[in-house]
Structure formats: C-alpha cells, structure tokens
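**Q** Whole structure, please, built from the sequences with the hints as guidance.
Chains as they are written, first to last, in our numbering: chain A, 278 to 542; chain B, -2 to 303.
Worth flagging that the hints you see were computed from the coordinates, not collected in a lab.
If you're wondering where the values come from, they're calculated on a predicted model, not measured in any experiment.
Every residue, glycine too, gets a C-beta built ideally from N, C-alpha and C.
Stretch-level coverage of chain A by chain B, calculated; a stretch enters the list once three of its residues show a Cβ under 8 Å from a Cβ in chain B: (1) 396 to 405; (2) 486 to 498; (3) 509 to 516; (4) 523 to 534.
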Amino acid sequence: MLYKYRRLIIASGIIAGLWLLFEVWALIVSASPTEVVLSERLLSPSIEHWFGTDDLGRDILSRTAYGARLSFRVSIIAWFASLSLGLFLGGIAGYWEGSLLDRTISWCTGALFIMPYMIIIIAALSVLGPGLENAYLVLTFIAWAAPARMTRINVIKIKTQDFVRTAHAMGFSPLSIILKAILPAVIPTVLIASVGILPELIALDAGLSFFGLGVRPPAPSLGKMIVDGLSNLSLAWWIALAPTFALGLICISVNIAARILRNAT
Amino acid sequence: MNQIGRVFCYYISLLLGLLFLNFLLFNVIPSDPARIMLGPNADNAAVEHLRQEFDLNDPLIKQFTHYIKGLLSFDLGISYTTRRAVWPDVASSFKVTLLSSFGALLLATIYSIISAYISFVSKAGFRKFFTALNSNLMSVPSLVIAIVFGLFCIRWDLLSFAGMGDVRNILMSALVLTVYPSASLSQILLEQTFILDKQPYIIGARSLGFTNSFIFWKRLLKNALLPWLSQISNIIAILIGGAAVVEVVFSVPGIGRLLFQAVLRRDLPVLQGILATVTICFIIINILTEFGYWLLNPRKGKIHVV
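**A** Below, the structure written as structure tokens:
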C-alpha cells in the first residue's frame, strides 16, 4: 500500500512540506515584516538580520517568509480553482463532443493558448485594479485552459466504455453521468499532468506582484521585494537575494515533485 | 485547399474575437475611461468634453468598428499621460523585444541541437542528465534568472548594466531569455531522438555501417525537428511573457519596459495598444508555424486545428 503510492506520498510531501515550512517560519520569525525602522536602513546580513534589511529598515528574512507563504497560498488556491473549472468545462465539452458548446469551449482554450499569459494578466489586472481578489480571479481565468483540454481528450477516450453506457441506459441525466461516472475516472490523469502548471502559476504570481499588481504594498510579496531590491542592486545586493532564491527554490521543488508524480503513470 | 481555408478562417475568428475582448476589456469594464484619465477631482464639463473628444458616447458597435479601422491604419489611440500617438512607441519597443527574442531563439536552437547530438552519439547518462537539467531550468521563472545573472554581472562588471538599448544591453536580455526556450526545445528534441532511434530506417542505416554522427545529421535531425516546429509558437509566447519582466530588470527599452511604465501610470491606451499588437503578432506567428509545419512534413497529413 505504502510502496504502491510512494511517488504520490513523496511528491505531495515535498509540496506540503515546503508550504508548511514557510507557514511555520512566518509564524516564528520575531521581526515584523512591515515595521519600518529607519535607524536600521540597508544593513548587510548579520546575526540579528540573517539576510539584512531593506531601504526602510525592514527585516528581509521575515518579509521573505511572509511573501513566500502568500505566493504559495495564491498559486495553490488559483491552481485548485482553475483545475476544478477546467475539469468541469472539459468534461462538458468532451461529453457533447462536436456540439456548439464544445466548439465554444475549444475556441476559448485555443484563444488562451495563443497569447502570452503574462501580458494578458498584466493588462487585465491594470484594468480591474490591483489586489489579491482580482489576482485570484485572473490567474484562475488564465490557467483553466490546459486542464480543460486534457480533460476533454480523456473524456472522449473514456465515454464509449461500458460503465458510461450502463449509466446512460439506467437513465441518469447527462450532468450526473459526467460528474459521477466520467470525471472520477479522468481526474487522476488530469491531476497528475496539471501539477506541472503549479510552477508556472507561482512564476506568474511573482511576475504580477513584480509589476505592482499583486497584494497591496505594505504587505510583503516576493515580486515586489525583488523590484525594491532592483533599484539598490549595486549598493545592497542582499535585498533581492533572499526573495529571488526563495522563488527559485519553490519553483524547482514543485517541479521536481511534478516530475516524480508523472513518472508514476 | 479546403483545409487551408479552414485553418485561415479559424485564425481570423480568433483574431477578431481576441480583438473584441481587448476592446471590451479597455472600453467597457472601466466604468468611465475619461474619468480615469482626468482623475477623481475633475469637473463634469471637462469629463464630458473628453468623452466627446474620444467618441466615448457612441454606441458600442460603432466604437468597435472605429477601433478596428484605427488598427488597420496603425492608429492605436493617444496616450493619456504623454499625449503622443501610441503606435510609434509600441513599434520601436517591439523591434527591440523581437530582436532580443530572435537572438534568444537562435541560441536556443544551437543549444538544443548540440544537446541532442551529444546524447544521441554518446548514449551514456547524458540523455537523463539533459532531461533533468532542462525540466528544472524550464520551471525557474525568468525573473529569478535575470536577478541572479544581474548580480553576477555587477560583481564582475561583465556587461554594461544600464547602457539603454545598445547591443550589449540587448545581448544581456537575450542571454537571460534563452534559458527557457533552450530547455524546452532541447527537451522536445531529446524526446524525438529517443523515439526515432527505434525506427526501422535508423536501424537500417545503422546496420549499413553509417556512423552515429552521420545518422544524426543526415537521417534523424530533419524528422526530429518537426514536433519542435509545432511547439515554437507556444515557446515564443512564454518568451515574450518572460521578456516583459527581464526588460524591466535590465532596463532594455522593449515592450516589457513600456508595459511597466504604462502600468505604473495606469495609461490604458498604451496597454491596449500593446495587447492588440501582441495579439496580431501571435496570430501571424501561429499561422506561419502551421503552414511551415504543413510544408515541411513529408506526410502532408491533415492540418491540426484545435
């Protein structure tokens, strides 16, 4: 049992472990991430401030912990929402393959695949206005296309099998066939394949806070911290260092987890 | 012919749909563009005057046809902040971005072919090594690569950091941007060489006594490049998205920098112009890759739509 699901356990362990690390870390750091101490501006790394302080005297380490935690929350929630949306729309499109509904949904996924995500997100958020809620909305709106396409293909493969026909013959409504018979059979494949979207979402989230369109300023976010460090890059290199490495670490570990999962099938 | 017509119609529908969405996003969702332009304290007469000036009181369809007509004559409107036409700025910054993306793609092509060659000829653990390396490189955001690269450049004074728009500046952003397409193209090529390696015509060539390197260059590469070509438009899309961030880091006067400034000033016409230009550009790129694939594929099968 344990051996059979070892890849699943290891992969989810990596993601959950890293997330938990930042959650706990944000709880136990002593320095406040938003408290401005002007007497401690631009301090280089020391025992009190492991990664130094920024141009307003805020502790980089605690800001990084809070920012990474937020980055994890945003991307995992957006991933989950877009996955559910993609599964539902892809299931509908695959079940009524060739209908107007299917064509519309496929057209939408095609349109989303053509454009660079980063530019759509930035344009949409600058119209809707910056903020966390809008960021969730836009990220979900962008990321549903890939799982929807995957679901659609798998549903088309699976819907001629006997258990679906039986459900059909027993007189279940199409919606309950999709939700109760088809989707449970499709979910594992789509879920495993779409863990690969997670690093992309984390990068997009960092990108939009880099453009100042994420969470509003006093609250720390990785992208915003990197922008702040950018103006002091030659003077105080440590400001951008910690958030950059946190971002890289998160993306690479999630990617490794996704790779471990994919080898399982 | 019928196939070609269908593909063309599909992309035209995408183009019109995306432009309509673009129009809706900027002209309908913000409740009053004129009010945004003048700020919350402006008096009503001035707002009304501006609404007249930008034809904001017309019905939606008329505004949309006006917008499309403007696009056809390269008129993307007037910037709220600089009061200049949007198109010349967008065009000049687009040129810089295209130049650095083209450089990045060129480097990526060289890297992907070399890595596939090494792993095909040497057979040892190289394929596994390159696959793992590429997969992890693909997942690192270009923001991270840009900052790390920038820190190294400052440390050792490698390339000029702030020389706006000169060759070294563009080269630097190309070097950072090349990481993602290199990894991704190399990944595809490695997979293809692995699959094609078991094909009868390769086994035949090998049994005739040709060397591995001859087989790679003369027999395998052309076929392996086909799926590579079908992915290129997706890769360019991610490349441009990465360029938006990298150009801000290295202050390259490209599309990303223009976007950054427009977001800071909440300059909606510039944003709309950039989005429209990118849309048109990507529709063209997709049509080109579609037909390029169709031309190069010896089997000339169905053109893939959706």
